[in-house]
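Asks: Given chain A's structure and the hints, the job is docking chain B onto it.
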Amino acid sequence: MPDLAPAVDLGAVRPYGDMLDDGLLQLSFTLPVPNSLAARRAALDLAERMGLARAEVTHVQQLVEGYTHFIVLAHCPHAIDFTAIQGDGLDIGYMSHEEVEEFAAAHVGRPIVVVGASTGTDTHSVGIDAMLNLKGFQGHSGLEAYDSFETHNLGSQVPNGALVAKAIEVGADAILVSQTVTGQDAHIRNLTELVEILEAEGRRRDVILACGGTRVSNELAKELGYDAGFSRGTYPNHLATFLVREVAARCSSES
Amino acid sequence: MLLGELTATARRLALVGLAKNTGKTVAMTTVLDELAARGRRAGVTSVGRDGEERDVLDERIVKPRIRLHPDSLVATTDLLLRTSGVEHARELETGLRTSLGRVVIARLPAGGAVEVAGPASAHDVGAVTDAMLALGAEQVLIDGALDRRAGASPAFADGVVLSTGAALHRDLDEVVRRTRSAAELLRLPVATAVGDAIRLDGRLALDGTDAEIAALLRAHPEASHIAVAGALCEPFVEQVLRAARGRALTLVVADGTRVFLTRRSRDWYARQGLTIAAQTPIDLRAITVNPLAPRSHRLDSPTLRRLVAEAVPGVPVLDVMDPGYPRTISPMPREEPTPAKRPRAPRPGTSGCASRCASR
Numbered sequence: 001m002p003d004l005a006p007a008v009d010l011g012a013v014r015p016y017g018d019m020l021d022d023g024l025l026q027l028s029f030t031l032p033v034p035n036s037l038a039a040r041r042a043a044l045d046l047a048e049r050m051g052l053a054r055a056e057v058t059h060v061q062q063l064v065e066g067y068t069h070f071i072v073l074a075h076c077p078h079a080i081d082f083t084a085i086q087g088d089g090l091d092i093g094y095m096s097h098e099e100v101e102e103f104a105a106a107h108v109g110r111p112i113v114v115v116g117a118s119t120g121t122d123t124h125s126v127g128i129d130a131m132l133n134l135k136g137f138q139g140h141s142g143l144e145a146y147d148s149f150e151t152h153n154l155g156s157q158v159p160n161g162a163l164v165a166k167a168i169e170v171g172a173d174a175i176l177v178s179q180t181v182t183g184q185d186a187h188i189r190n191l192t193e194l195v196e197i198l199e200a201e202g203r204r205r206d207v208i209l210a211c212g213g214t215r216v217s218n219e220l221a222k223e224l225g226y227d228a229g230f231s232r233g234t235y236p237n238h239l240a241t242f243l244v245r246e247v248a249a250r251c252s253s254e255s
Numbered sequence: 001m002l003l004g005e006l007t008a009t010a011r012r013l014a015l016v017g018l019a020k021n022t023g024k025t026v027a028m029t030t031v032l033d034e035l036a037a038r039g040r041r042a043g044v045t046s047v048g049r050d051g052e053e054r055d056v057l058d059e060r061i062v063k064p065r066i067r068l069h070p071d072s073l074v075a076t077t078d079l080l081l082r083t084s085g086v087e088h089a090r091e092l093e094t095g096l097r098t099s100l101g102r103v104v105i106a107r108l109p110a111g112g113a114v115e116v117a118g119p120a121s122a123h124d125v126g127a128v129t130d131a132m133l134a135l136g137a138e139q140v141l142i143d144g145a146l147d148r149r150a151g152a153s154p155a156f157a158d159g160v161v162l163s164t165g166a167a168l169h170r171d172l173d174e175v176v177r178r179t180r181s182a183a184e185l186l187r188l189p190v191a192t193a194v195g196d197a198i199r200l201d202g203r204l205a206l207d208g209t210d211a212e213i214a215a216l217l218r219a220h221p222e223a224s225h226i227a228v229a230g231a232l233c234e235p236f237v238e239q240v241l242r243a244a245r246g247r248a249l250t251l252v253v254a255d256g257t258r259v260f261l262t263r264r265s266r267d268w269y270a271r272q273g274l275t276i277a278a279q280t281p282i283d284l285r286a287i288t289v290n291p292l293a294p295r296s297h298r299l300d301s302p303t304l305r306r307l308v309a310e311a312v313p314g315v316p317v318l319d320v321m322d323p324g325y326p327r328t329i330s331p332m333p334r335e336e337p338t339p340a341k342r343p344r345a346p347r348p349g350t351s352g353c354a355s356r357c358a359s360r
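As you go down the protein sequences, you meet chains A and B in turn.
Quick note on my numbering: the first sequence kicks off at 1 and runs consecutively.
Quick note on my numbering: the second sequence kicks off at 1 and runs consecutively.
Treat the hints as calculated values from the structure; they're not laboratory data.
Treat the hints with care, since some could be wrong.
Label pairs and their in silico Cβ distance ranges [to be verified]:
#, chain 1, residue 1, chain 2, residue 2, range
1, A, 123, B, 94, 36 to 44 Å
2, A, 56, B, 172, 24 to 32 Å
3, B, 11, A, 28, 34 to 42 Å
4, A, 9, B, 89, 29 to 37 Å
5, A, 139, B, 89, 46 to 54 Å
6, B, 172, A, 49, 49 to 57 Å
7, B, 11, A, 45, 25 to 33 Å
8, B, 263, A, 69, 39 to 47 Å
9, A, 123, B, 211, 37 to 45 Å
10, B, 272, A, 139, 50 to 58 Å
Away from chain B, derived, C-beta distances all over 12 Å, residues of chain A [what the hints assert, rightly or not]:
#, residue
11, 28
12, 97
13, 108
14, 137
15, 197
16, 218
Remember, predicted model here, so these are calculated numbers, not experimental data.
Every residue, glycine too, gets a C-beta built ideally from N, C-alpha and C.
Looking at chain A on its own, in the form it has when it is part of the complex:
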């Protein structure tokens, strides 16, 4: 069989709807106006103001009195040069659990000590548990299941100072901090305090510092002076891949 799939031009990537490069995308939004023909017109005008072409309303529904929800299909005229973005260190090839173990055995040769917690007033331990605990989540075991990791999960509502104290006590290679509550940017203040306490203790150079949470991006993490940030869609093997590679790189640059 010949390969019938058309070649993707990575220099000009567009949304895919029905066929390659049609630029078709779907919007979902609510306008605070009653369900009416005028409301429909407003939705289409809005799509046009967004720079979208050939907009169609495919679904209209009144949510409550005076609020109307729309699904709009439209064509996006813009394209993104994907080749210019790739190679920015945004994506790394992730290793599976088994590959992490093999890599660690070959390049590290000792358990990687990880201390993790949900710090500050945050009571949610779901994120840190998913990454560290044996059961993990969605069928992906946490780092506790790895031979190449020694994990210390301190749970939730841990003061930043206590997390740092534990990391010093066990000689941690990495500190993982999870932030779920982000009201009024509480996560920013809390993450900043942690890295500043590490600095004040003169320990920032000694550990890999990573954070995770729904509103934590890798970019935010870097800006705060963390080594990495993990968001939605992260599985324990992603974290393990990052950690094992980072520890191996640090081992080799020391020797």
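Replies: Quick look at chain B alone, frame taken from chain A:
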């Protein structure tokens, strides 16, 4: 007086912002412009990452980029230098790794806008700062990303500029209060007679129990000072206050960057008999204010400057975007954000508010 003049004698100058969008990057650009106008060569690096085009928390805010003048030095990663597309000559490979690449020191013969991401630790930032001075920079600016302040430690910087503004809070008095608290921490009184102080190991100050701390104080009934080697966190301060039972004590830290108070101010603890002091002072050279909170509200610049100056006596307070601020050279053009609402045309008699809104 110009910001550049106030900071000229600090060969290693740290810039600290109290929150995002308090105008730290604008302050840095101002110092760089004024250095260039005097024909002095600058070096730039950062703790964490700064200089990216868009705010990481709010994509709609287009941030002023750090534009370096011809012949400047910059310590950032090889990856960011390559993606900047700016002509550069590598002067030194520092051997320091970050997740954004290896940190190199480069000279920009023609200048340009570069995203700056220095080493992850303040200690290493200190090392690249010294390296840039050795390579011919006459002043090195250390940018503390977000509200990072580790770079302001006198171990790494000779002087500090603090940026504050409307982004902290809607309420003018609250902005002033938070600015005073932050300045108070930077300008801790210098401790005298630390010789007989109780010296603490790190763990006790970070994670000691009430009982341990009470026992420590009982074991040293005559001591008036407790020297904390690393971080002074608020839970520990509260524990000491409880255990002290009215005994006057001074907690001594290395410098003001080691203190982490979020619930109460240094003043409040002082009124309870618990003083916080530093071994080495931080030289706060100036405070810059940004009266504008992007996409939110604005405060009156002269009022904000006056109140901050009253709250932090002895430190010059400047709004470098104010029409009254003397500019040595015209500021570089900045990318204008696309406003969601059309800015209203300034009414006759108002002081050009719309143009200033657009340029921040």
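Asks: Tell me the numbers of any earlier hints that the structure contravenes, in ascending order.
Replies: 2, 3, 6, 7, 9, 15 and 16
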